[in-house]
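Student: As a plain string of letters, each chain reads:
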Amino acid sequence: MRNFRIFRGDKSGGKMLDYQIEVDKGMVVLDAIHRIQTEQANDLAVRWNCKAGKCGSCSVEINGIPKLSCMTRMNEYGPEETVSIRPLKTFPIMKDLVTDVLWNYEQNKKIVPFTPDPNLKNKNGDYVMMQEDIDRIQEFRKCIECFLCQNVCHILRDQGKKDKFVGPRFMIQLAGLEMHPLDTQDRIPAIKEKFGSGMCNITRCCTDVCPEHIQITDNAIIPLKERVVDRFYDPVIWLWRKLFRRKSV
Amino acid sequence: MIIGKTNRTDNWWFEPLWTGIGFFAFVIYTTWAMLQANYYWWDAGANGFGGYLSPFYSPLIFINPLAQGSAPMDHSWFGFWPEWWPSLIPASPAILILAGPLSFRMTCYYYRKFYYRAYFMSPVACAVKGVSQKHYKGETALLIFQNLHRYTLYIALGFVVILSYDAILGFFRNGQLGIGVGSIILLINPILLAGYAFGCHAFRHLSGGKLDCFSCPSGKQKIRYKLWKGVSWLNGEHMLWAWASMIWVAFADIYVRMVAMGNWTDFNTWGY
Chain A
20 MRNFRIFRGD KSGGKMLDYQ IEVDKGMVVL DAIHRIQTEQ ANDLAVRWNC KAGKCGSCSV
80 EINGIPKLSC MTRMNEYGPE ETVSIRPLKT FPIMKDLVTD VLWNYEQNKK IVPFTPDPNL
140 KNKNGDYVMM QEDIDRIQEF RKCIECFLCQ NVCHILRDQG KKDKFVGPRF MIQLAGLEMH
200 PLDTQDRIPA IKEKFGSGMC NITRCCTDVC PEHIQITDNA IIPLKERVVD RFYDPVIWLW
260 RKLFRRKSV
Chain B
640 MIIGKTNRTD NWWFEPLWTG IGFFAFVIYT TWAMLQANYY WWDAGANGFG GYLSPFYSPL
700 IFINPLAQGS APMDHSWFGF WPEWWPSLIP ASPAILILAG PLSFRMTCYY YRKFYYRAYF
760 MSPVACAVKG VSQKHYKGET ALLIFQNLHR YTLYIALGFV VILSYDAILG FFRNGQLGIG
820 VGSIILLINP ILLAGYAFGC HAFRHLSGGK LDCFSCPSGK QKIRYKLWKG VSWLNGEHML
880 WAWASMIWVA FADIYVRMVA MGNWTDFNTW GY
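Chains as they are written, first to last, in our numbering: chain A, 20 to 268; chain B, 640 to 911.
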């Protein structure tokens, strides 16, 4: 028998309840949750979908670490170890392990969408890009929107600055658009002011928890911060633009 | 809320602890070595071109020739130690230059991660409660200077050149080419610093990361794309380069100091 402690409750409060079940070889934490749901707690709420680490639905905190429950094998934990499962801390609890992640979709709506230059179409009416120009962006497209990075980001989680910082998931969204060779929009002022790139102090927890191993900090947030430096903080570039009336150097 | 409050059951405290202690030890040693103002040069008493110069003391802006283990005057950029220098502050060439490389490390994106965690506890570790700041402003207020990291990179690149020259100097004794343990130590030093500086996030941006399109308008790969790829490769192990170069520069100082003091013997081909 293996010991589990699972949060039970809703937005008005709750508590950790103990469960004991048999665990079979090869089971993941989500399997264990389902067995508890089937055998002992039929009303246990858990969000899941693909059970293959590709839908991003089953994000929870297992022994305090934000993870996908479908990609966390039970043999990661010792046979005597109690496995605690809690909902994502950063978002409001709906019931048990299910949180309301609506705030994230609201952030997405604030981002100016991909706007290609129609003049860049070739004679067949297609947009053509070279692979080396979109390698960077394709990494960001791996995001499954599990929101583990949003959950672990201390600016959202502990400092409560959801009104000041859009979070790592949308920094990679913005990076993917800003680095796109066909896009025509300038989002740098918004990245600084509206989306709060300066709020991030690059402690890299978002990268540490990403189940798709996207290098969020190195490949998205820091490059965006450097682009903001180009535009707003670098005195030489500022002088150059003033002297030669150029938008960029 | 209590700092360190978490539901994590692993040893989350280990990384901030060892990085915090490790860097603190480096700062203590560097400060001590900087204030010594002596035993930073060794050429076995030989004159002429060549010798070991501690990287903490390079470049030698001024030299106080009366200090034990000091370099010959012809290594000074601007001559004798100035008379106006306050007597309370040691006449140490290191005092004049260490702020340069230190500013590069202190604004480095990797170091920021580690010291925000280990010292500022913001947060102390992932999913662990750090210092709660009602008016948290990240790097938009007091820490806004972090945005000038690229300027400290330029300083660091200057030090790569200077320390490379020192490495060449280490392969000569009285104008005679040779090799000693110290030569190898002083050669590894700028290599590690170069790996760290050329893998810097700011350099990655400047080398090509700032471009939206690497191949436009010709559709062919350009030199900046290849440069950016190379810098990105180095950048992938930026933490490793940061620690290796930091530990090695301290070790190089210890080596030169110990040899200059006569505590260690430098095995070399010159035979003296």
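Treat the hints as calculated values from the structure; they're not laboratory data. Don't take each hint at face value.
As the list claims (entries may be wrong) - Pairs of lysine-lysine residues, derived as BS3-like cross-links and limited to a Cα-Cα distance of at most 27 Å, are as follows: (1) B:861 to A:181; (2) A:128 to B:776; (3) B:861 to A:183; (4) B:752 to A:30; (5) A:30 to B:849; (6) B:752 to B:768; (7) A:211 to A:114; (8) B:849 to A:108; (9) A:261 to B:849; (10) A:73 to A:161; (11) A:73 to A:108; (12) B:849 to A:161; (13) A:211 to B:752; (14) B:773 to A:70; (15) A:211 to B:644; (16) A:73 to B:849; (17) B:859 to A:183; (18) A:34 to B:768; (19) A:213 to A:161; (20) A:140 to B:644; (21) B:849 to A:183; (22) A:129 to A:211; (23) A:70 to A:129; (24) B:644 to A:181; (25) A:129 to B:644; (26) A:114 to A:30; (27) B:752 to B:861; (28) A:213 to B:752; (29) A:211 to A:70; (30) B:644 to A:161; (31) B:849 to B:861; (32) B:861 to A:108; (33) B:773 to A:108; (34) A:140 to A:30; (35) A:180 to B:861; (36) A:140 to A:108; (37) A:142 to A:161; (38) A:140 to A:183; (39) A:128 to B:868; (40) A:183 to A:129.
Student: Against this structure, judge whether each hint is valid.
Tutor: Verification of the hints:
1. Between residue 861 of chain B and residue 181 of chain A the CA atoms are separated by roughly 41 Å; this puts the pair beyond 27 Å, and the hint is violated.
2. For the hint linking residue 128 of chain A to residue 776 of chain B, the alpha-carbon distance of about 24 Å falls within 27 Å, and the restraint holds.
3. Taking the CA atoms of residue 861 of chain B and residue 183 of chain A, the gap is about 38 Å. The hint is violated against a cut of 27 Å.
4. Only pairs whose Cα atoms come within 27 Å are accepted, and residue 752 of chain B paired with residue 30 of chain A is rejected, the gap being roughly 34 Å.
5. Our distance criterion of 27 Å between C-alpha atoms is broken by residue 30 of chain A and residue 849 of chain B, whose separation comes to about 44 Å.
6. About 16 Å separates the Cα atoms of residue 752 of chain B and residue 768 of chain B, which keeps this hinted pair within 27 Å; it holds.
7. For the hint pairing residue 211 of chain A with residue 114 of chain A, the CA-to-CA distance comes to about 35 Å; that exceeds 27 Å, so the pair is violated.
8. Simply put, residue 849 of chain B and residue 108 of chain A have alpha-carbon atoms about 35 Å apart, too far for the 27 Å limit, and the pair is violated.
9. Between the alpha carbons of residue 261 of chain A and residue 849 of chain B the distance comes to roughly 20 Å, so the proposed pair stays at or under 27 Å and holds.
10. Pair hint residue 73 of chain A plus residue 161 of chain A holds up; C-alpha atoms about 9 Å apart against a cutoff of 27 Å.
11. For the hint pairing residue 73 of chain A with residue 108 of chain A, the CA-to-CA distance comes to about 22 Å; that is within 27 Å, so the pair holds.
12. A distance of roughly 22 Å separates the Cα atoms of residue 849 of chain B and residue 161 of chain A; the hinted pair therefore holds under the 27 Å criterion.
13. As the CA atoms of residue 211 of chain A and residue 752 of chain B are separated by approximately 20 Å, the hinted pair is consistent with the 27 Å bound.
14. Our distance criterion of 27 Å between C-alpha atoms is broken by residue 773 of chain B and residue 70 of chain A, whose separation comes to about 39 Å.
15. Using a Cα cut-off of 27 Å, the hinted pair residue 211 of chain A and residue 644 of chain B is violated, with the two alpha carbons roughly 31 Å apart.
16. Restraint check: the Cα-Cα separation between residue 73 of chain A and residue 849 of chain B comes to about 31 Å, which exceeds 27 Å; the hinted pair is violated.
17. For the hint linking residue 859 of chain B to residue 183 of chain A, the alpha-carbon distance of about 41 Å lies beyond 27 Å, and the restraint is violated.
18. Between residue 34 of chain A and residue 768 of chain B the CA atoms are separated by roughly 20 Å; this keeps the pair inside 27 Å, and the hint holds.
19. With a CA separation close to 25 Å, the supplied pair residue 213 of chain A and residue 161 of chain A stays within the 27 Å bound.
20. Between residue 140 of chain A and residue 644 of chain B, the direct Cα distance comes to roughly 55 Å. Violation of the 27 Å bound is thereby established for this hinted pair.
21. Proximity of residue 849 of chain B to residue 183 of chain A is assessed by CA-CA distance (about 25 Å); at most 27 Å being required, the pair is judged to hold.
22. Simply put, residue 129 of chain A and residue 211 of chain A have alpha-carbon atoms about 14 Å apart, close enough for the 27 Å limit, and the pair holds.
23. Taking the CA atoms of residue 70 of chain A and residue 129 of chain A, the gap is about 30 Å. The hint is violated against a cut of 27 Å.
24. Between residue 644 of chain B and residue 181 of chain A the CA atoms are separated by roughly 21 Å; this keeps the pair inside 27 Å, and the hint holds.
25. Under the criterion of a C-alpha separation no larger than 27 Å, the hint pairing residue 129 of chain A with residue 644 of chain B is inconsistent with the structure, at around 34 Å.
26. Annotation: proposed proximity of residue 114 of chain A to residue 30 of chain A holds, straight-line Cα distance about 7 Å (limit 27 Å).
27. The hinted pair formed by residue 752 of chain B and residue 861 of chain B fails the criterion: a straight-line CA distance of about 33 Å is larger than 27 Å.
28. Under the criterion of a C-alpha separation no larger than 27 Å, the hint pairing residue 213 of chain A with residue 752 of chain B is consistent with the structure, at around 23 Å.
29. Restraint check for residue 211 of chain A and residue 70 of chain A: the C-alpha separation of about 37 Å exceeds 27 Å, so the hint is violated.
30. Only pairs whose Cα atoms come within 27 Å are accepted, and residue 644 of chain B paired with residue 161 of chain A is rejected, the gap being roughly 32 Å.
31. Restraint check for residue 849 of chain B and residue 861 of chain B: satisfied, since their Cα atoms lie roughly 14 Å apart, inside the 27 Å limit.
32. Simply put, residue 861 of chain B and residue 108 of chain A have alpha-carbon atoms about 46 Å apart, too far for the 27 Å limit, and the pair is violated.
33. With a CA separation close to 18 Å, the supplied pair residue 773 of chain B and residue 108 of chain A stays within the 27 Å bound.
34. Taking the CA atoms of residue 140 of chain A and residue 30 of chain A, the gap is near 51 Å; set against the 27 Å cutoff, the hint is violated.
35. Of the pairs offered as hints, the one joining residue 180 of chain A and residue 861 of chain B is violated, with about 41 Å between alpha carbons and a cut-off of 27 Å exceeded.
36. In summary, the hint linking residue 140 of chain A to residue 108 of chain A is not supported, as the alpha carbons are separated by about 46 Å, beyond the 27 Å threshold.
37. A hinted pair counts as satisfied when its Cα atoms are at most 27 Å apart, and residue 142 of chain A with residue 161 of chain A does not qualify at roughly 31 Å.
38. Taking the CA atoms of residue 140 of chain A and residue 183 of chain A, the gap is near 38 Å; set against the 27 Å cutoff, the hint is violated.
39. Between residue 128 of chain A and residue 868 of chain B, the direct Cα distance comes to roughly 33 Å. Violation of the 27 Å bound is thereby established for this hinted pair.
40. As the CA atoms of residue 183 of chain A and residue 129 of chain A are separated by approximately 13 Å, the hinted pair is consistent with the 27 Å bound.
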